[in-house]
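Generate coordinates for the entire structure from the input sequences, incorporating the hints supplied.
Number of protein chains: 2
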Amino acid sequence: MSDFDLKKYLEAQRKKVETALDGLLPHTTDPSAPVMEAMRYSIMAGGKRIRPILMLAGAEAVGEGDDALLPAACALECLHTYSLIHDDLPAMDNDDLRRGRPTCHKVYGEAIAILAGDGLLNYSFELLSSEEIRKSIDPELLMEAISIFSRASGVFGMVGGQTADIIYEGKPIDAETLAFIHRHKTGALLAVSVEMGAVLGGADEVQRNALKEYGQALGLTFQIVDDILDIVGDESVIGKPVGSDTRNQKATYPALFGLEAARSKADELLEQALKALEGFDHRADPLRAIARYVVERNR
Amino acid sequence: MSDFDLKKYLEAQRKKVETALDGLLPHTTDPSAPVMEAMRYSIMAGGKRIRPILMLAGAEAVGEGDDALLPAACALECLHTYSLIHDDLPAMDNDDLRRGRPTCHKVYGEAIAILAGDGLLNYSFELLSSEEIRKSIDPELLMEAISIFSRASGVFGMVGGQTADIIYEGKPIDAETLAFIHRHKTGALLAVSVEMGAVLGGADEVQRNALKEYGQALGLTFQIVDDILDIVGDESVIGKPVGSDTRNQKATYPALFGLEAARSKADELLEQALKALEGFDHRADPLRAIARYVVERNR
Numbered sequence: 001m002s003d004f005d006l007k008k009y010l011e012a013q014r015k016k017v018e019t020a021l022d023g024l025l026p027h028t029t030d031p032s033a034p035v036m037e038a039m040r041y042s043i044m045a046g047g048k049r050i051r052p053i054l055m056l057a058g059a060e061a062v063g064e065g066d067d068a069l070l071p072a073a074c075a076l077e078c079l080h081t082y083s084l085i086h087d088d089l090p091a092m093d094n095d096d097l098r099r100g101r102p103t104c105h106k107v108y109g110e111a112i113a114i115l116a117g118d119g120l121l122n123y124s125f126e127l128l129s130s131e132e133i134r135k136s137i138d139p140e141l142l143m144e145a146i147s148i149f150s151r152a153s154g155v156f157g158m159v160g161g162q163t164a165d166i167i168y169e170g171k172p173i174d175a176e177t178l179a180f181i182h183r184h185k186t187g188a189l190l191a192v193s194v195e196m197g198a199v200l201g202g203a204d205e206v207q208r209n210a211l212k213e214y215g216q217a218l219g220l221t222f223q224i225v226d227d228i229l230d231i232v233g234d235e236s237v238i239g240k241p242v243g244s245d246t247r248n249q250k251a252t253y254p255a256l257f258g259l260e261a262a263r264s265k266a267d268e269l270l271e272q273a274l275k276a277l278e279g280f281d282h283r284a285d286p287l288r289a290i291a292r293y294v295v296e297r298n299r
Numbered sequence: 300m301s302d303f304d305l306k307k308y309l310e311a312q313r314k315k316v317e318t319a320l321d322g323l324l325p326h327t328t329d330p331s332a333p334v335m336e337a338m339r340y341s342i343m344a345g346g347k348r349i350r351p352i353l354m355l356a357g358a359e360a361v362g363e364g365d366d367a368l369l370p371a372a373c374a375l376e377c378l379h380t381y382s383l384i385h386d387d388l389p390a391m392d393n394d395d396l397r398r399g400r401p402t403c404h405k406v407y408g409e410a411i412a413i414l415a416g417d418g419l420l421n422y423s424f425e426l427l428s429s430e431e432i433r434k435s436i437d438p439e440l441l442m443e444a445i446s447i448f449s450r451a452s453g454v455f456g457m458v459g460g461q462t463a464d465i466i467y468e469g470k471p472i473d474a475e476t477l478a479f480i481h482r483h484k485t486g487a488l489l490a491v492s493v494e495m496g497a498v499l500g501g502a503d504e505v506q507r508n509a510l511k512e513y514g515q516a517l518g519l520t521f522q523i524v525d526d527i528l529d530i531v532g533d534e535s536v537i538g539k540p541v542g543s544d545t546r547n548q549k550a551t552y553p554a555l556f557g558l559e560a561a562r563s564k565a566d567e568l569l570e571q572a573l574k575a576l577e578g579f580d581h582r583a584d585p586l587r588a589i590a591r592y593v594v595e596r597n598r
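The listed protein sequences correspond, in order, to chains A and B. Note that the working numbering has the first sequence beginning at 1, numbered continuously upward. Note that the working numbering has the second sequence beginning at 300, numbered continuously upward.
Since the hints were derived computationally from the structure, they do not count as laboratory data. These numbers were taken from a predicted model, which means no experiment stands behind them. Accuracy of the hints is not assured; some may be wrong.
[Claimed, not checked] Heads up, incomplete: computed chain B residues facing chain A, CB under 7 angstroms, no partners named:
| id | residue |
| --- | --- |
| 1 | Leu324 |
| 2 | Pro325 |
| 3 | Tyr340 |
| 4 | Val406 |
| 5 | Glu409 |
| 6 | Leu414 |
| 7 | Phe424 |
| 8 | Ser449 |
| 9 | Ser452 |
| 10 | Val454 |
| 11 | Val458 |
| 12 | Thr462 |
[To be verified] Only pairs whose alpha carbons sit at most 25 angstroms apart, straight line, appear in this in silico SDA-like list of lysine to any residue:
| id | chain 1 | residue 1 | chain 2 | residue 2 |
| --- | --- | --- | --- | --- |
| 13 | A | Lys212 | B | Ser429 |
| 14 | A | Lys106 | B | Glu468 |
| 15 | A | Lys135 | B | Glu439 |
| 16 | A | Lys135 | B | Gly501 |
| 17 | B | Lys405 | A | Lys212 |
| 18 | B | Lys470 | A | Asp30 |
| 19 | A | Lys212 | B | Lys434 |
Beta carbons are placed, not taken as given, at the ideal position from N, Cα and C, and that holds for glycine.
Written out as structure tokens, the structure reads:
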């Protein structure tokens, strides 16, 4: 174990990402101003910024931490926020609160919320192809990053996972379908965050595969722990009403296998994530610490 | 005037694009199948495929027509279809019919329709960064194409235009705001279709600017003529109820300036579009003929 201070690291990285987001988000006095305001409202509502932080940590593990990658890190947060806005819509999960504040459609109306989500999804690609990032990153690497990013966010990733989640709401579900939903709805983006960091940080093939494996294990862990916290958690910590998954009859790992099996699975995935990092030096310590932290949230 | 046969050209290109779309659209038997079905339902509903055709014609004007560009052409159609699906939603324009068929949310429900739109928006970037297109197009050119494409579709383009359209629905509107809506909501994507063709076809700076100017003039013409047809058109030709803009109190060029002024403006823009093509040889004939055709639709 190194004496790496995760709390300090997460706080410093979170601030770095929020400063970058604030500077990169679009502004206008045009007639389209309301959509930009709504985008900013949702994205600046706080949150751990775990996806951008994972991306930066992935790049750090194979090279140097590099501020040139901040637009790509912010792209991940734009994408994540778009998915929250659309998931909260009345036609989807119909949530009124998100991180303790009224959801986007509650403040700006449904039409603007749909457009704010569209705008953020789209903006993630604007950031990934912005002049700023193209100045310092090789176009071949950027194309590879856009390719895996778009795959993880689309019908073969998040959109596909959310579709299955909606389709199976309130219906009996088997382990395979649950794994599909987990892997696609939240796992894909968390995994690709780390992999994008590897790609943009200049990883070789072996490093990239190892970091991808770490990311996939972490993504699944994250979802299982989230589901556990929905049952046993503290409302002020998780930022949404405890038990909302149960009330919404959402398929979750503990609902299907029980709390103890869910905890064992999380531990097993943690081992797998740490094992994938074995070939890396101290520069992967942030990734190691993040994986431990995710699992320890439910202790 | 050349003896270029536009009708034959459009029909051949439309078929080429539809075959490519059919092959490139995602398929699955996974739990996410319904969203892919909804995407396919909306995109295969027909339409002129004018944006992909413009892109291919833009590339043709500076080089050779090249099937390697088909994934990029299909990306434009995915993006266009996403915007139709989301615009038709109850929270937006609340339309039940599109091209004579029930709209996506009428068939698949609102949640899946939102996700199908998200999926198609996202899929356009999957196509632009697909292995297939990366095999034959320089990554620097692809990055440039993604950059202008994402800008045209996001808050500085279509999303911004649709926002203004929603905000000003039923409110008095000035010429400047109307121009903003036209330029962003439909103009931006039509213009960028031609410009992307130029970029991916390997245009030099002068050619690219000329084709961009052509595209911008064409985009605005297209919208003005569409608005004229909404007043004087034939329902079976335009595919939606005549007068729906008036009933929805949509801001339109003829509503603001009158039918005659709108027609003059369209003629003026046609001249501008053709003038921009003066430096091009016969390979720009498709673009010339398309511009004339767009204006003549309202005669």
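Against the structure, the hints come out as follows:
1. Annotation: Leu324 of chain B was flagged as interfacial toward chain A, and the flag is violated, the nearest CB pair being 10 angstroms apart, outside 7 angstroms.
2. For the restraint placing Pro325 of chain B at the interface with chain A, the shortest Cβ-Cβ distance is roughly 5 angstroms, inside the 7 angstroms limit, so the hint holds.
3. Hint status for Tyr340 of chain B relative to chain A: violated, with the closest Cβ pair at about 14 angstroms, above 7 angstroms.
4. Hint status for Val406 of chain B relative to chain A: violated, with the closest Cβ pair at about 14 angstroms, above 7 angstroms.
5. Against a cut-off of 7 angstroms between C-beta atoms, the interface hint on Glu409 of chain B holds, since the closest Cβ of chain A lies about 4 angstroms away.
6. Annotation: Leu414 of chain B was flagged as interfacial toward chain A, and the flag holds, the nearest CB pair being 5 angstroms apart, inside 7 angstroms.
7. Interface hint at Phe424 of chain B: satisfied, since its Cβ lies 4 angstroms from the closest Cβ of chain A, which is below the 7 angstroms cut-off.
8. Evaluation of the Ser449 of chain B hint against chain A yields a held restraint, the C-beta minimum of about 4 angstroms falling below 7 angstroms.
9. A least Cβ separation of about 5 angstroms between Ser452 of chain B and chain A falls short of the 7 angstroms threshold, and the interface hint therefore holds.
10. Here the hint on Val454 of chain B is kept, as its CB sits about 4 angstroms from the closest CB of chain A, short of 7 angstroms.
11. A cut of 7 angstroms between beta carbons decides the hint on Val458 of chain B: the least distance to chain A is about 4 angstroms, and the hint holds.
12. With a least beta-carbon distance of about 4 angstroms to chain A, the hint placing Thr462 of chain B at the interface is held under the 7 angstroms criterion.
13. At most 25 angstroms may separate the alpha-carbon atoms for a hinted pair to count; Lys212 of chain A and Ser429 of chain B meet this at roughly 19 angstroms.
14. Between Lys106 of chain A and Glu468 of chain B the CA atoms are separated by roughly 20 angstroms; this keeps the pair inside 25 angstroms, and the hint holds.
15. For the suggested pair Lys135 of chain A and Glu439 of chain B, the alpha carbons sit about 12 angstroms apart, so the restraint of at most 25 angstroms is met.
16. With a C-alpha separation of about 21 angstroms, the suggested pairing of Lys135 of chain A with Gly501 of chain B holds against the 25 angstroms cut-off.
17. Straight-line distance between C-alpha atoms of Lys405 of chain B and Lys212 of chain A comes to about 40 angstroms, which puts the hinted pair past the 25 angstroms bound.
18. For the hint linking Lys470 of chain B to Asp30 of chain A, the alpha-carbon distance of about 16 angstroms falls within 25 angstroms, and the restraint holds.
19. Among the hinted pairs, Lys212 of chain A with Lys434 of chain B is consistent with the structure: their alpha-carbon atoms are about 24 angstroms apart, no more than 25 angstroms.
Of the numbered hints listed earlier, those contradicted by the structure are 1, 3, 4, 17.
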